[in-house]
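There are 2 protein chains.
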Amino acid sequence: MGALEKLKKRYRWISSFSSALELLHWDMEVNMPPKGGKWRAKVIGTISEFVQRELTSDEMGKLLAEAERDAKGELDEALVRVAKRDYERSKKIPPELWGRFAEETAKAQRIWEEAKEKNDFSLFAPQLKVVIEIVKEMAERIGYEKSPYDALLDFFEPGLTVEDLEEIIPPLRDFLKRALRKIEAVEKPKDVFKGGPFEIEKQKELSLKVLKVMGYDLEAGRLDRSAHPFTITITHGDVRVTTRYDESDLKYSFFSTVHEGGHALYEQGIPEEMRGLPIGDGASMGIHESQSRFWENIVARSLPFWEFFKTTLSEVFPQFESVSAEDLWRSSNIVERSLIRTEADEVTYNLHIMLRYEIEKELIEGNMKVEEIPDVWKEKMEEYLGVIPKEDRDGALQDIHWAHGTFGYFPSYMMGNLYAAQLYSAMKRDLDFDSLVREGKFDKVLNWLREKVHRYGRTLEPKELLRKASGEDFKVDHFMDYIREKYSKVYGVSL
Amino acid sequence: MGALEKLKKRYRWISSFSSALELLHWDMEVNMPPKGGKWRAKVIGTISEFVQRELTSDEMGKLLAEAERDAKGELDEALVRVAKRDYERSKKIPPELWGRFAEETAKAQRIWEEAKEKNDFSLFAPQLKVVIEIVKEMAERIGYEKSPYDALLDFFEPGLTVEDLEEIIPPLRDFLKRALRKIEAVEKPKDVFKGGPFEIEKQKELSLKVLKVMGYDLEAGRLDRSAHPFTITITHGDVRVTTRYDESDLKYSFFSTVHEGGHALYEQGIPEEMRGLPIGDGASMGIHESQSRFWENIVARSLPFWEFFKTTLSEVFPQFESVSAEDLWRSSNIVERSLIRTEADEVTYNLHIMLRYEIEKELIEGNMKVEEIPDVWKEKMEEYLGVIPKEDRDGALQDIHWAHGTFGYFPSYMMGNLYAAQLYSAMKRDLDFDSLVREGKFDKVLNWLREKVHRYGRTLEPKELLRKASGEDFKVDHFMDYIREKYSKVYGVSL
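Chains A and B, in that order, give the protein sequences.
The opening residue of the first sequence carries number 108 in the working numbering; numbering runs sequentially from there.
The opening residue of the second sequence carries number 108 in the working numbering; numbering runs sequentially from there.
To be clear, the hints were calculated from the coordinates, so they are not data collected in a lab.
Mixed in with the good hints there might be a few duds.
Identical copies look the same in the list; a pair holds intra-copy or inter-copy alike.
[Unchecked claim] Straight line, CA to CA, 30 Å or less: simulated DSSO-like cross-link-like pairs of lysine-lysine:
#1 K548 <-> K301
#2 K548 <-> K289
#3 K199 <-> K113
#4 K142 <-> K116
#5 K225 <-> K243
Whole structure, please, built from the sequences with the hints as guidance.
As structure tokens, this is what we get:
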């Protein structure tokens with residue numbers, strides 16, 4: 108067996124343990140009885156540490172060095188490049204620290220849940236501090252040029268830096284705040300998705316139907332309910348999504364499902380031969396988010412989509428028979444100043460992200476104390492969105508990310524929105540998007556994404572992938588153009 | 108850290124991987140989408156092999172030898188004794204043989220499924236031969252005094268031998284055959300549990316209610332649906348049961364649920380400090396089965412139980428309002444000559460086991476050819492049960508055990524029935540069983556089992572545990588007395 112084959116075999120061996128970890132996480136969110144939590148954290152901690160140790164073993168280093176000499180062809184060269192990059196970064200973090208990270212974040216999640224339930228940030232603060240100290244130590248060990256936050260960004264969006272964000276954010280923020288003011292001046296459409304009661308079983312049926320039309324393979328996946336929707340790949344052939352339900356608001360489940368469906372289509376599109384290897388993954392969190400956002404916002408919040416899907420919706424919920432596609436479309440695109448990120452519309456969403464980015468950057472750079480978060484949160488909410496949360500559960504406790512220890516992740520959501528718009532602009536050059544969606548020919552849309560994005564797995568860096576897929580370098584303008592064009596139509600104002 | 112502490116730490120570390128395996132298995136039965144199967148098998152294979160290798164490493168041998176010198180006190184001495192026994196037995200089987208066993212039994216399961224589907228034992232025979240040869244080699248390597256079958260029995264029921272069984276079986280067989288003839292002479296009660304349709308959601312509700320009254324902690328467990336009911340412990344605080352449903356037969360789910368609930372109560376009763384160690388388990392398969400059988404047969408098929416539970420049953424299924432507790436009790440205890448072990452009643456169940464035991468013992472001792480199984484099966488069915496399966500799927504292909512390679516397991520089912528009756532006889536000396544059950548005071552019953560059985564985990568050998576719990580050596584008479592007393596009442600005949 109050549110060195111390269113040995114390397115692949117080794118990675119695939121380790122990936123069995125990673126698969127087990129994914130299932131342990133999925134199960135924790137979907138099925139685990141409460142009293143299993145304490146031991147589950149230990150199990151996850153132990154196996155995470157083991158995986159990390161195996162990935163960063165000296166033997167792996169040797170295999171990598173040997174394989175580097177053998178690697179020929181695009182795929183194998185990419186494999187060695189990506190693997191080496193991961194190896195070198197991981198090598199900087201000792202297994203003991205990874206283990207501590209896994210255990211403390213598992214603990215933090217439980218505490219966060221309780222704190223959110225009790226609506227009291229101070230219950231979460233002490234454990235959040237523990238997590239932040241671990242994350243800061245990780246950043247220091249990984250190293251950075253300008254900000255420790257860069258070291259974290261690089262985990263989720265390779266190549267993205269604070270410097271990039273400081274360039275992207277100001278014009279975007281100003282544009283969005285301006286657009287928001289103009290839209291607000293017009294009368295808000297009535298939300299036809301509110302009311303109900305929409306039976307949960309029926310909502311699940313609708314969720315399954317939309318996943319199916321999008322092209323999600325339910326023989327290789329499943330849909331469950333969890334507090335916070337997510338997508339997870341257990342193994343090839345087993346990519347699961349979760350959603351949430353609100354009996355009085357159909358949008359709440361519907362767009363969450365489509366969003367996770369977008370992530371899942373990406374995962375289902377990664378070639379089997381890449382699986383179990385470091386390249387058998389999405390290119391980055393931002394690119395991943397571009398896929399979920401593409402389906403959620405660009406597809407499912409479009410007029411052609413509702414012209415197509417109205418029939419299916421009415422089959423499941425007959426009360427929509429008398430509602431027009433236009434009204435469904437307008438209701439899908441209500442813009443408002445709101446408190447909750449995951450329910451925010453396309454115009455305000457990135458403002459929620461900017462706030463989080465600024466807070467977590469300050470925390471990681473050591474310029475802010477954990478105790479200050481709730482107040483800073485309120486100040487920034489007022490400044491960016493003009494609304495102030497009265498309760499912690501609608502403010503600093505609303506997202507699970509910090510409990511997960513995933514500092515540096517939030518900007519990926521914004522980048523995903525921006526990438527999605529750039530991909531959309533490119534797709535329209537190749538396809539008659541509106542007609543295809545109106546006719547429910549989602550396979551054409553999916554195939555374009557498979558061809559331009561999915562099939563590469565992690566073999567290309569985000570910036571390179573975007574360039575190859577869209578034919579140009581990353582530009583924030585595509586997103587602003589998209590918002591301008593779409594919302595001018597929805598609201599009849601000039602943005 | 109002393110050697111003993113090191114040993115415990117090591118076992119607990121390995122137990123995290125075993126926990127992951129348990130979850131992978133549970134999920135495979137309950138949730139996994141079909142296309143995940145191929146990769147899931149690889150994940151399970153990889154982690155199983157890893158766990159086996161860790162448990163039998165030379166390092167573990169060294170730790171054990173050192174710990175043996177340190178061990179003081181009942182618990183630690185038991186730990187070292189049990190651990191050493193497991194280690195030495197596993198060590199006798201080379202990893203290559205374990206690997207072959209895993210591979211050939213995985214193959215055998217697929218072939219068995221196909222053969223059962225096609226109803227043709229001859230399709231299964233060649234692979235069954237392969238499995239038997241491997242199992243025989245294992246028995247030879249483990250070693251035995253009189254029969255190679257003893258080496259296999261010892262896996263599941265430590266201390267039980269062919270000699271014991273040859274003493275237990277003949278009087279029991281004669282008694283059961285005689286009882287069956289006498290019961291048959293009387294008119295069979297009408298089965299009030301048949302009919303329906305019993306809505307699955309309602310059956311689930313009833314299952315949850317009975318688990319709750321038994322004392323199963325649903326905060327530390329959950330109930331799901333699977334093709335074959337089972338109980339599985341993921342970690343301490345996470346003991347799950349599954350059941351099955353038939354819309355036209357309420358008994359089908361109800362007694363399966365109670366049976367698994369009995370297993371689960373045992374698992375939930377094993378002390379937390381034993382968990383992750385070789386002693387943190389049931390004492391044996393037979394003792395485990397005694398717990399499931401106790402709840403299924405002795406509790407839930409008793410008249411006092413239905414006097415208590417009738418109200419709950421009628422709340423969920425109002426059609427039972429007009430049915431008397433006596434009729435529910437009689438319907439729970441219908442005795443008949445049937446072909447399928449898993450659906451057999453208390454009187455005939457052990458006859459099904461004897462037949463299997465006799466066949467597998469002859470196979471392992473080399474006195475019977477695989478090709479002869481279907482005919483011998485039919486002969487013995489006629490002799491013991493007076494019915495002959497027309498088809499292999501109702502005969503020699505009905506159970507998966509031989510495809511799993513678990514020869515020597517079947518007698519545990521019988522021993523479980525016998526142990527349960529002996530525990531019942533002892534319990535009645537301490538408690539007013541009938542009154543407690545009639546009043547739904549199952550906590551008293553459960554506490555007795557916790558005190559006498561559960562809390563010992565695997566620190567005592569089955570024979571010793573039974574002696575301690577019941578105050579006497581194992582005796583088959585308790586079971587015969589129990590059957591005699593109960594079925595004389597149900598059928599109004601003298602047995």
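- In rising order, the numbers of the hints this structure does not comply with: 2
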